[in-house]
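K.L.:
Chains A and B, in that order, are what the protein sequence lines are. Heads up: take any position in the first sequence, counting from 1, add 22, and you land on the numbering used here. Heads up: take any position in the second sequence, counting from 1, add 22, and you land on the numbering used here.
None of these hints come from the bench; they were simulated from the model. Careful, some of the hints might be misleading.
[To be verified] Once the Cα atoms are required to be at most 27 Å apart in a straight line, the calculated DSSO-like pairs of lysine-lysine come out as:
#1 Lys213(B) to Lys213(A)
#2 Lys126(B) to Lys227(A)
#3 Lys225(B) to Lys88(A)
#4 Lys126(B) to Lys213(A)
#5 Lys213(A) to Lys88(B)
#6 Lys88(A) to Lys213(B)
#7 Lys168(A) to Lys262(A)
#8 Lys126(A) to Lys213(B)
#9 Lys88(A) to Lys220(B)
#10 Lys220(B) to Lys260(B)
#11 Lys126(A) to Lys220(B)
#12 Lys126(B) to Lys225(A)
#13 Lys126(A) to Lys225(B)
#14 Lys262(B) to Lys282(B)
#15 Lys88(B) to Lys220(A)
#16 Lys88(B) to Lys225(A)
#17 Lys227(B) to Lys126(A)
[To be verified] Estimated spans, in silico, between C-beta atoms of each pair:
#18 Glu209(B) to Pro63(A): 39 to 49 Å
#19 Ser67(A) to Lys282(B): 52 to 62 Å
#20 Glu216(B) to Lys213(A): 23 to 33 Å
#21 Glu255(B) to Pro94(A): 48 to 58 Å
These figures come from a predicted structure and were not determined experimentally. Ideal placement from N, C-alpha and C gives every residue a C-beta, glycine not left out.
2 protein chains.
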Amino acid sequence: MSSQLLPITLYDIPSRNAAYGNTWSPNMWKTRYALNFKGLPHKTSWVAFPDVAAKMQSIGAPPSDKAADGSPIYTCPTLSDPNPSSSSPALITDSWLIALYLDKTYPSPSPLFPASSALLQETWIEKYETLAIGPVEELLVGLVSKQLSDASIPYFVETREKAFGKKIDDFCPVGPERDAALAAMQEGLGKVAELLDKNGDGKEKLFCTGDEPVYADLVFASSLIWIKIVAEEEVWSKVKSWHGGRWERLLDAVHEKYGKVY
Amino acid sequence: MSSQLLPITLYDIPSRNAAYGNTWSPNMWKTRYALNFKGLPHKTSWVAFPDVAAKMQSIGAPPSDKAADGSPIYTCPTLSDPNPSSSSPALITDSWLIALYLDKTYPSPSPLFPASSALLQETWIEKYETLAIGPVEELLVGLVSKQLSDASIPYFVETREKAFGKKIDDFCPVGPERDAALAAMQEGLGKVAELLDKNGDGKEKLFCTGDEPVYADLVFASSLIWIKIVAEEEVWSKVKSWHGGRWERLLDAVHEKYGKVY
Chain A
23 MSSQLLPITL YDIPSRNAAY GNTWSPNMWK TRYALNFKGL PHKTSWVAFP
73 DVAAKMQSIG APPSDKAADG SPIYTCPTLS DPNPSSSSPA LITDSWLIAL
123 YLDKTYPSPS PLFPASSALL QETWIEKYET LAIGPVEELL VGLVSKQLSD
173 ASIPYFVETR EKAFGKKIDD FCPVGPERDA ALAAMQEGLG KVAELLDKNG
223 DGKEKLFCTG DEPVYADLVF ASSLIWIKIV AEEEVWSKVK SWHGGRWERL
273 LDAVHEKYGK VY
Chain B
23 MSSQLLPITL YDIPSRNAAY GNTWSPNMWK TRYALNFKGL PHKTSWVAFP
73 DVAAKMQSIG APPSDKAADG SPIYTCPTLS DPNPSSSSPA LITDSWLIAL
123 YLDKTYPSPS PLFPASSALL QETWIEKYET LAIGPVEELL VGLVSKQLSD
173 ASIPYFVETR EKAFGKKIDD FCPVGPERDA ALAAMQEGLG KVAELLDKNG
223 DGKEKLFCTG DEPVYADLVF ASSLIWIKIV AEEEVWSKVK SWHGGRWERL
273 LDAVHEKYGK VY
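Model the full assembly from the supplied sequences, consistent with the hints where possible.
P.N.:
Written out as structure tokens, the structure reads:
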């Protein structure tokens, strides 16, 4: 990490799982991996789910979206970067916007989007997420609450039940529905593996461009660690055995290098 | 063009339309744009549709696919490059494989796939083709025979009627079916424009990465010139008026620089 820079603050929502540094959300992992990829000094400020809106308003962070009634929606990850301006920190919300900001503000040592490939990477992320993560997304969301700190659980359960229109225990019940979701995920990951390996002349290719990850690969690893944290027994124990164990190799390759939680 | 290199031969199927150098197929345009983008000396060898298989077999070119009965399918574009080996030319069939070959064999002056972005570009091509070209593809295929040379028409009509399971005149009849196809295309192109411009901070961005095209942009231009050649009145006259005329600007930017037919 560069010692000339002041530490950047990353706002995150804590889990109860210390084994992963209390961080659990794939969107937070995207930003953590990106900060470590860039070698930027940073620290975490923990905010429980019900306190996110008030906290973000108090620091002047922008909302990430608008509700149907036009009211602002505040979310994490949010980044507060004191380095570019001495008068007020740069405040960026949303993992995608943060990645674009980091690449523009800190182009070295390596770009997250080499050769201006943001649109191309976004399209690839959308494709593999649709193929491989989509089938189990509801199952994963249903399991998140078991990981959260006490202060966050009721808020999370209430908002997700409202958003999905069903009780949290019904997000993906054990049985044929879950079996079908896992089968679809395995098939989707198989297609992703084929596309990656075609790009590597038929040899196993973990990453979407060269031998080092770009941002789309950090996003993929973020989905994998999310699965590992929230659905170790239900999903990850299966995923890591599929396709010659390549998904565990992909996650390990990213996490060992860029997974430290500060 | 580099004078130290021997001319590469591009095998193409002629149209009757001299205004576009007798070339019409989007797959041929992809290779023509790529050869000119690389500044490589080349010439065209014209082969009528019914003669493609025999010609490709006679020069030893690989088939591009297999039929259901296992027999080889021969297609154009095929490239014969005498430069890498003095004993026998490199023979490559299929516009995508040709593009990969050209980038590997002739990395300068500019890469078609900067930062090893072949998989990423392939995903973007698939996305905009699904959104914008897919809705009118059958209509365009139905109009191709009007452009072909006499020797190619019966073969083309017979094989396409068999492949699509309908008479060529029914590929997209004038009326509600065609109106719906055009409306879907306009909507799809609108989404493509949004994605491109998001990548350009909201300003019009013709290309998917920087201010110069990469291979995915040459492929996009190849679809546009195909539309212009085979469906000038029916489709192109509309497309060029949509979204502030940006599709004509995109095609012109590529074609004026890389559109010469040798």
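K.L.:
Need the list of violated hint numbers for this structure, in ascending order.
P.N.:
Checked against the structure, no hint fails, so every one of them is satisfied.
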